[in-house]
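Peer 1: Residue numbers (our numbering), protein chains in the order written: chain P, 1 to 481; chain V, 1 to 481.
Calculated directly from the structure, the hints in this document are not laboratory data. Some clues are possibly wrong.
Pairs involving identical chains hold if they fit within one copy or between any two copies, as the list cannot separate such chains.
Below, simulated DSS-like cross-link-like pairs (lysine-lysine); rule was C-alpha separation at most 27 angstroms, straight line [what the hints assert, rightly or not]: (1) K287 to K448; (2) K25 to K50; (3) K388 to K310; (4) K287 to K88; (5) K387 to K310; (6) K387 to K25; (7) K388 to K50; (8) K213 to K195; (9) K137 to K50; (10) K213 to K50; (11) K313 to K137.
Computed from a prediction, not measured in an experiment: that's the story for all the values here.
Protein chains: 2
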Amino acid sequence: MDTPNVDSTQFLQQQLQAVVALLDKQELENSLVRKSASSHHDLEEALVNKQHQVRLQERLSDLHPADIAFILESLPLDQRQTVWDAIKSDNDGQILLEVSDAVRQTLISGMEEEELATFASHLDTDEIADLAADIPKRAMLKILRSLNNQERTHLNTILSYGDDQVGAFMDFGMITVRDDLNLWAITNYIRKLGKLPSHTDKLFVVDQGNIVKGVLPLQRLLTHSPAQHVAEAMVTDFVQFHLDEYTADAARAFERYDLISAPVVDKQGQLQGRLCVDSIMDYIREKTDEEMLIQAGVEEDEDLFSSVWKSAKNRWGWLLINVATAFASTRIIDVFQDTILQMVALASLMPIVAAMGGNTGNQTSMLIIRSLALGQINAVNVRRLIKKELSLALLNGLFIGLIIGLLSWVLYYNLALSIVIGFAMLINLLVAVLVGLSIPLGRYKLGKDPAVGASIMLTAITDSMGFFIVLLLARMFLIGR
Amino acid sequence: MDTPNVDSTQFLQQQLQAVVALLDKQELENSLVRKSASSHHDLEEALVNKQHQVRLQERLSDLHPADIAFILESLPLDQRQTVWDAIKSDNDGQILLEVSDAVRQTLISGMEEEELATFASHLDTDEIADLAADIPKRAMLKILRSLNNQERTHLNTILSYGDDQVGAFMDFGMITVRDDLNLWAITNYIRKLGKLPSHTDKLFVVDQGNIVKGVLPLQRLLTHSPAQHVAEAMVTDFVQFHLDEYTADAARAFERYDLISAPVVDKQGQLQGRLCVDSIMDYIREKTDEEMLIQAGVEEDEDLFSSVWKSAKNRWGWLLINVATAFASTRIIDVFQDTILQMVALASLMPIVAAMGGNTGNQTSMLIIRSLALGQINAVNVRRLIKKELSLALLNGLFIGLIIGLLSWVLYYNLALSIVIGFAMLINLLVAVLVGLSIPLGRYKLGKDPAVGASIMLTAITDSMGFFIVLLLARMFLIGR
């Protein structure tokens, strides 16, 4: 593995450029061959391709799987396939692990069961579990058959937990010791092993019942006297996680306690596996990326170069919901057509009131959603919180209402109109904050994800209320006087 | 430190409940004392408070600083102050490090220079650097004076780098060795040290010029023969970072290569410090939280219980910008007042066209922003990407346009109107995607953060264009025939 000693990103870009250059060269030469009058240019073309395959292999052979994954993700589908075919080899299960889900599907779709099975044979069970979702059933059966009993149970354990549970993220590369041994014995044991699993910063001390009694930080093997027994050297207040615990909570714990690895236990407290900081980091990244995309109405992570059709399907769901809500909220305007006809200025003022409602509401709900995620909101302080947000809404309403009122007066020199608009703004901001509070808090109380669909429901309500309040007040106080 | 063996989150909630209970009890008793006829109830009140202080201290003494930080963040200002005053002690610099920036300010504001100075004296220089921004100048000077030369240079190095640069996140808890020693010597050296800095998974091998020649994974001290020399046992292809490298890039590298710690070097390649996975995790979390809040128009992380005024200031900036853009985009409607008066249905249809434009544009720009962050977009593939997004926009436009056209026909039985609306939708979606592409890509080309203000600029444009296109087409094809 040849790792970057230039800035890691520069390094990746250089590699990518080089690969693309090779690919372009290949296409060029192929086209030349095709043009060439020679009778057997299929042969020549095959030859050219073979040469380029070799060059690609040389180029990528000493790259870290994660770097190759990056290059594959950055390549358009056709070129990606060429590279993938060129470099595929037994250890490429690692590459499949590193690429994004979307890209992984494009790579696997083109592969034989046989290939997949051989790939899997070079992976740990927790790694196979990561791929399981994307591997076709029949290939998966082949793989299962190739595993021994223990591996199969491990695999099934992991697969039996959802992505939001710790069990789905654990691996089995833990080293367990008994507390009646002395450190000297442990050190010998490790020397015999010859190599420790990655992220081994501590050994797990278990009793006959496989209950975790403590952890033995690796460095204590170096700092403590070899004569000492594990029982004296081990740390007894340590963090452990339960199989069905929320991954999000575990992630927060990893951040709070700066963990590198921690034991995972079942309800009986028996050691089942190990949770490591690298899986947690991947989880955090995936989760936050996902949230950002969902905020923007992209249902799932998208392969930059996936077919237009695929992307379209990925984005229509949200767009259709928006069409629906948008229509619904504008129905109100129809009801007040006569009001608008009598004062057309309303047509240009009411969208503002609606929009501002959406904005303030979103500010509130986003803060609530985040505080809920941090576990900072609870029966104790929720009332104070609501009180604060409402008084804030009142303040905002008066402030923004005043501004809108002034602006519309400047535009239309109609005092009554300005007052109505300003007042409508005040009311709509209050509504917006109420909704912005109640949607996430309500969904949370019902045990649902507070974030899902929050902003879309919110804007639907604030829009229609915005239109409604403006037009109603207008009809009551402005029209036909 | 007493760490949770129930689910870590349950544990925190329990602790919080307990503290709140204590606080309520205290208030109650105080009020009783006040009511009591006794002449010297100030004394009694002081007594009661003292007792409660002790109880609070007992309650929290064996909690991890991060857990105490959580409790403080979850408490309203007054109660937070009470707890903080009760538990303040020398090692509470750690707590200050763990609380969110917003909460840290509330805690520090109430503290004496003296206190802060003593706190700092128990912290590492990189930890002091984290607090520096919130510590008042005069206190900071006191602290600087208390440091020795090396510490002061360390502190200045860190402070001389921005939050987006690796230098700001490094610590100095690295252990360096020479490659001519054998592992036995190293092991002895470590045993003499007695304790290794947290997150020490490898030692850094440097030459006389302090250039990093390799890294020695801690576990090799256990697995390799003590007779072996560092030169043979060390890993020579390793990841190192530069002081001025982007933290975001470093974070991606930590994820790709599953790093726990890595050396940080200056332009000459001389070892300057160490970057650890815990700082990287905090960075990722802060960054992503920040982005989420900015998306929602909350300028900076907010203390749940900060004063209404403070929160208001934090949110008005965005709201005012929105008022401005909203007004700007609706000016267009005024220009077409006559058109609306002749066909008021437009008043309820044009907001839909505008809104849908915003949605599709946001989908595009969000995916672009994310791919830019991943470094997946480059001169090589950007053209293909643009082509794909545009054809997608065309597809979306035809699809959504058709739907809108049908719906409006159902509502108004006016074929011409339906065609105009559907066509306007098609055009606006194309505009939206063009803008959604060009804003982030443009800002990126100019070396600015592609995400900042993207969605607000976008909606401003798509709104006005939405109104404009609908009304223009309407005037051209519908009115006065």
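Peer 1: Would you pick out the hints that fail for this structure and give their numbers low to high?
Peer 2: Going through the list in order, the structure violates hints 4, 7, 9 and 10 and respects the others.
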